[in-house]
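Given next are the chains, with one letter for each unit.
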Amino acid sequence: MKFSYFPGCTLKNKAKDLDIYARKCAEVLGVTLEEIENWQCCGGVFTTAKDEVATKLSSVRILKDAQKNNLDLVTVCSACHNVVKQTNYAMQNDAEFASKVNRYMAEDEYNGETKIYHYLELIRDVIGYDKVKECVVNPLAGKKIAAYYGCLLLRPNSVMRMDDPENPTIIEDLIKALGATPVVYSYRNECCGGYVRMESPELAVKKSNTVIESAKKAGAEVIVTACPLCKYNLEKSGCDIPVVYLTELLAEALGVKEDTNE
Amino acid sequence: MSNSKKYLREEIIRISGVNPKKCMRCGKCSATCPAYDEMEYHPHQFVYMVENGNIEPLLESESLYRCLTCFACVERCPRSVEPAKLVEAVRLAAVRKQGNNRMTANDVPELIDDETPQQLIVSAFRKYTK
Amino acid sequence: MQRIGVFVCWCGSNIAGTVDVVAVAEALKKEPGVVFSANYQYMCSQAGQDLIKQAVKEHNLTGIVVCSCSPRMHEATFRKTAAAAGLNPYMVEIANIREQCSWVHKEMPIGTEKAIILGKAAIAKVNLNVPLTPGESPVTKRALVIGGGIAGIQTALDIADAGFEVDIVEKKPTIGGKMAQLDKTFPTLDCAACILTPKMVDVAQNEKIRIFSYSEVTEVKGFVGNFDVKIKKKARYVKEELCTGCGACTEKCPMKKVPNDFNLNMDTKRAIYIPFAQAVPKVATIDPDYCNMLKNGKCGVCSKVCTAGAIDYTQKDEFIEEKYGAIVVATGFNPISMDKFDEFAYNQSKDVITSLEFERLTNAAGPTAGKLLRPSDGKHPEKIVFVQCVGSRCDACNEKGKEYCSKICCMYTAKHAMLTRDKYPDTDVTVFYIDVRTPGKNFDEFYRRAVEEYGVHYIKGMVGKVSPEGDKLMVQASDLLDNKQLKIEADLVVLAAAIEPDKSARPLATMLTASMDTNDFFTEAHPKLRPVESPTAGVFLSGACQGPKDIPETVAQAGAAASKVIGLLAKDKLTGNPCVAHSNELMCNGCSSCERVCPYGAITYEDKEFRMPDRTTQIRRIAVVNPAVCQGCGCCTVACPSGAMDLKGFASEQIMAEVDAICK
Amino acid sequence: MQKITRDVLVEKAVSLLENGSVSCVLGWKKGEFDYDITPAVFESKEELVSDFIFDDFCGANFSKYLVQKTRKVEGKILVFLKPCDTYSFNQLLTEHRFDREKVYAVGIPCEGMVDIGKIKAITGDGISSIVCGDTIKVNTIYDESFDINAKDVLLERCINCKSKKHVAYDELIGEEGEVIESNRFDEVARLEAMTPDERFAFWQNELSKCIRCNACRDVCPACTCEKCVFNNPKSGVENKAPANEFEEKMFHIIRAFHVAGRCTDCGECSRVCPQNIPLHLLNRKFIKDIDSFYGEYQAGAEVGSRAPLVNYTTEDIEPCDVFERGND
Amino acid sequence: MQVKEYKPLIVAFCCNWCSYAGADLAGNNRLNYPADVKIIRVPCSCRVNPMFVLRAFQRGADGVILCGCHPGDCHYTSGNYYTRRRMALLFSMLDYLGIERERTRVEWVSAAEGAKFAATMNDFAEKVAALGENKRLEDLRCKK
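Protein chains in written order, with this note's numbering: chain A, 1 to 262; chain B, 1 to 130; chain C, 1 to 664; chain D, 1 to 328; chain E, 1 to 144.
Calculated from the structure, these hints are not laboratory results. Predicted, not measured: the structure shown is a model, and the values here were computed from it. We put the beta carbon where it would ideally sit given N, CA and C, even for glycine. Check each hint, because a few of them may be wrong.
To be verified - Partial pick of chain B residues on the chain A-facing surface, computed with a CB cut under 7 Å: (1) M49; (2) A93; (3) V95; (4) N101.
Stated by the list, open to error - Only pairs whose alpha carbons sit at most 30 Å apart, straight line, appear in this in silico DSS-like list of lysine-lysine: (5) A/K100 with B/K6; (6) B/K22 with A/K176; (7) A/K50 with B/K5; (8) B/K22 with C/K208; (9) A/K133 with A/K50.
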């Protein structure tokens, strides 16, 4: 199985682990991720304003490239996923926006035809947890892991359609498949503070702490996330339990973590 | 309502695609907002004030930059009003004004550290500048 | 050739203001068939009608054209006038020169010209009218009530009281419905069981009423006065006629872990059970999903302890076919699922419950014997938060909830809050509301008492998120009047879930060809004037299947539906609408096209022998329309390739004559 | 050109007739000319042996004759059905137009029938004899002779043959064929692509040729009404001499609409039209629209199927949207 | 020379339960629409035979519009669904014959939509008037 793959800029830089392990694990699970050529940054956040066109072109090009390759698109970074998916949704449902965008597109029209999977959806819907279980060589038995979804994977649900936005299970199910124990806590879908970190670090710290406290109170030993900014915010807020990328956790269980360190 | 107020209101409604008239004043957006305590004007007030054309105070308010765009209000609004989209539209109206960029490239080195993900920098630029 | 009289109405100045009525009357006088033409100020008045009657007699009229207001307004009036003058009422046609002429056109010449054309069209049609007589059909003097809640019970009792036989079909093992699950009722706070169970007993003891419990309607055929209904009596594995309801089996059954749906699964029952002590019929039922004997043939305890010998593991579903003259739908409501509202953590904490669950928790016959205890740890809750409008009043684009107001939540929440404060004065009770809607007798007074006398905190605002933290529930909410976000630590959160029609209503509506709205509530024949009748003749609506209702309203509607049923069953014969389809057997191909488009199943086929011109005989398949079933839509007339099918009162020739008159 | 010879069919017919299985045979008989083949009823071995014909001019579809014939004849009727005829056969059964018990249907393969018009276009008038075969030999009264490749003069409906498969029969002679991917809608699509003015001009030209002889209706296997609306003075459209162009349009639109969803696209209307009006293009327009609006539907493919015009879904296309989709 | 304003002739078939009532409501609310529109009442839009539509054109109508209950709201539960199919096919055929597609229309108008009825008729009359006389469809014999 082959998919187009969009890592995004953070994954090429500060969050290399998220990217490298995603590819390694995919290979183990029998999926080839083919990186889109010459991609550009998605912009980090999706601007909901209807008149913002230019800021969304890079996402459309990524989607168009996947379409040209005749492949579905896979993303890992929560932010990239949110931006690309929301852009695609706008291309499908907002004809005025789509026609404006298509005026900028050198080649054929694009109208939201590409199907997008987040890495988690790829595992759940394409690979299947059973296959993951089969491939686990290093069961994470006994580990109490808290899934941190944040906002970007789940909301707005009318567009993202990943899971129940208020009571998601997609990461917990993966944690179970890896042999560990998921810790369910109520603030797992609450915002970490996001980009406000830049201007008002104190607000970000406050928000992140709500999440961390809630997870710890529920007995978490590790927090797992798919978003580099979430990880950064949690860590910068004095989180005293490890915050890891979900691909890193997956790599550990699949026994491919050491390889990258060599 | 004066013409300029009307114009601004129409503009915000057009950019956001939100119909504030759908609001039934339940306050669930504000009940749900994680940045509530940091905001001078709360999500439900954004909706109400835009509907009434009372947008000037919002344009001046720091609240615009406290909204985390976490979409919790969008998700939970029973009337599908989508307050976050209104906040975004008003914020854009503010930063698009000449000289209203809140952040320049020169400010960045001071604000970041070794671990700061690129994602944070680009998102902040999207949010604070035009 | 007809002898037609034309009567042009001024309708005061309503018509005469824009239409030259004298000119219209003059112009129409020249039309073929017209022998008399007059105008008058108010044709519908007694004097106007007398004018028509007199003209019919003096001029031997065979047809009448009235140029006046919409036929929807006075067609019936003028038909009666014609009948009074000895004319067939269907020899009257109306030219609508008010709503569709004088009121929408401003200039006199234009209005006049159009009025003349509309008059000509009506004359052209009347020239082809033939006298019509409505058909008659008999009435089966028995009613079927579907649903055995308070609505169905009241309807059945009222119909039986008038001396007619009634059958109640209830899908659960007992009648009683939602009301049987309630504790107290607002605004009087009488105990639901105390007022409901005597009625249930009345039903059981009424000779005119049969109860088919644990049964469903599976097929409905026929039409008003003559319904043929098939009822499935599900196997309960207990012989109803032998079971004494002693309950010995329900105490001895070793399978104890069966979720008790009567208590909304907050406790368990046995695999053989009687839903509650006052059940009617008080008969045990075996749940085949849990009974070991039925699943793998191992057990048989109930059979051993039953001294009446009522247990029958081999019982099969049984089908009953019965005829009815009228059908009452009383399928009721259910609270919506809270699955999509997990911001309130309903699926994440046992201590987040719905109001109906709260009702069971406070009911003396409920899982806690009436003590208000938290489902999670059985502790007494010290702080309770009630959330109103969960899933009600949502936007149409919202995927989660309903657009309508569920109507009963404000009052039962006030009731719950008040009763809690009354019984447990140390408990702190907060209600989050958007609006408090109390338009009913003594309703607002009741709500005010909850606030003023019982000290319930009412906060205007909605709850945004409920977070289970340890054994507490963090409730994050808006206080809109104080412009604050509140974070309250609560022990119990009660959600006033929206209500929706029972899921069985949709397939039932299809069987009955009764229409429903987008929310699956049955639509009434007229929202104001015929609120308890479905547009499908002979089908009546009782209770919440038509829209959210409280108990007094339900009982009132149940009685109203019963009176409509009684009115129908009291008749020996029904007169139909004579404007029905009929097939010309000489032209009919027997091809079944008409049958396939008929929404009422009014068309059947028979083989008929025809004598041919060459004196041979031929047997051909031909369509036959049942005039009692046909509603006169005319769909079949277009489906018919040969034109054998036509519609009385709206015959193809008549419509084409109108087309020609307009296009001339 | 036909692989099955006349003798095989005669032999089959004679044996069924003689053993009493059937009481008469619907078959083809030679008319005034070699190419003028007409349907006929055979009741004896002698008639069959002397008059029964089966060659490349035997286009006539017998299904329609069963409606009246089954009512009059005691015992069973033997009918020979080409693949395309079987669709009409089924459609009439769906409409309860004859008693299936009274028919013994023998399916026969068909290699396509030829168009005498096309032959005459090559040879001119005055044909004195025609011998069928892969190469058709034609002699004229002017002592000219022509060798014509049968494939070059096929009937339009055979060029665009939709099926070599029999969908109904009691017995099959020869080998069963398959449903064919045909290009039968290409011509409709070509018309759809024209401007409205061009289309109007096209149809005005074609339909103005109509002499209202009713041959199309009389041959149409979907037109079996006990009383045709065009013969019914009360229908408002009864038969008249053509008065003007629209009269003709109306006749053909109504006729096409009456058979819409029931027309099996057998092409008989165009075959018999003495003015060579491409009437099948009206019927095919409806079939093409039905396929694209409501999903593919082949009338007569199975007995008892629900025709598109006596069916609906709640999501059907709105009439205002048909133009864009129909002309895609 | 005096140029007489061209007035189209429009036949509107309205179902008794929704659209005819909608037309009445337009009247009640005094919402103007051209007098060129003449309404014929039928029990249901499914009563309208394509032959009636053609007949109207043949006799000189410039436009024919059918109005019925909204799909799903038919008084007879399913009549308008059949109307929808019949008219979709008929209009497509008329278009195929080169007849202006703006001359035919189906519109769903409920009993509550008086304003929609008036707006629809204004719009339809305007479009038909813009096309001018119905040369392609009328029967010349019926013209004086």
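Would the hint linking B/K22 and C/K208 be met if the CA-CA limit is 30 Å? violated, 52 Å
> Measuring from the C-beta of B/V95 to each C-beta in chain A, is the shortest one below 7 Å?
Replying inline: This hint is violated: B/V95 lies away from chain A, its Cβ roughly 11 Å from the closest one there, beyond 7 Å.
- Item | Hint validity - B/M49 Cβ closer than 7 Å to any chain A Cβ | This hint is violated: B/M49 lies away from chain A, its Cβ roughly 18 Å from the closest one there, beyond 7 Å.
- Query: Under the criterion that the straight-line Cα-Cα distance not exceed 30 Å, is the pair A/K133, A/K50 satisfied?
  - Reply: This hinted pair is violated, its Cα atoms lying about 44 Å apart.
Interface hint outcome for B/N101 [beta carbon to chain A under 7 Å]
violated, 13 Å
| query | Taking only the CA atoms, is the gap from A/K100 to B/K6 under or equal to 30 Å? | reply | With Cα atoms ~26 Å apart, A/K100 and B/K6 stay inside 30 Å; holds.
>> B/K22 and A/K176 were given as a pair; does the straight-line alpha-carbon distance stay at or below 30 Å?
In response: Violated - the C-alpha atoms of A/K176 and B/K22 are around 42 Å apart, more than 30 Å.
> Quick one, are A/K50 and B/K5 close enough, alpha carbons at most 30 Å?
Replying inline: holds, 20 Å
Would you check whether B/A93 satisfies its interface hint, that is, whether its CB is within less than 7 Å of any CB in chain A?
-> This interface hint is violated because 9 Å lies over the 7 Å limit.
The structure is inconsistent with the numbered hints 1, 2, 3, 4, 6, 8, 9, although it conforms to all the rest.
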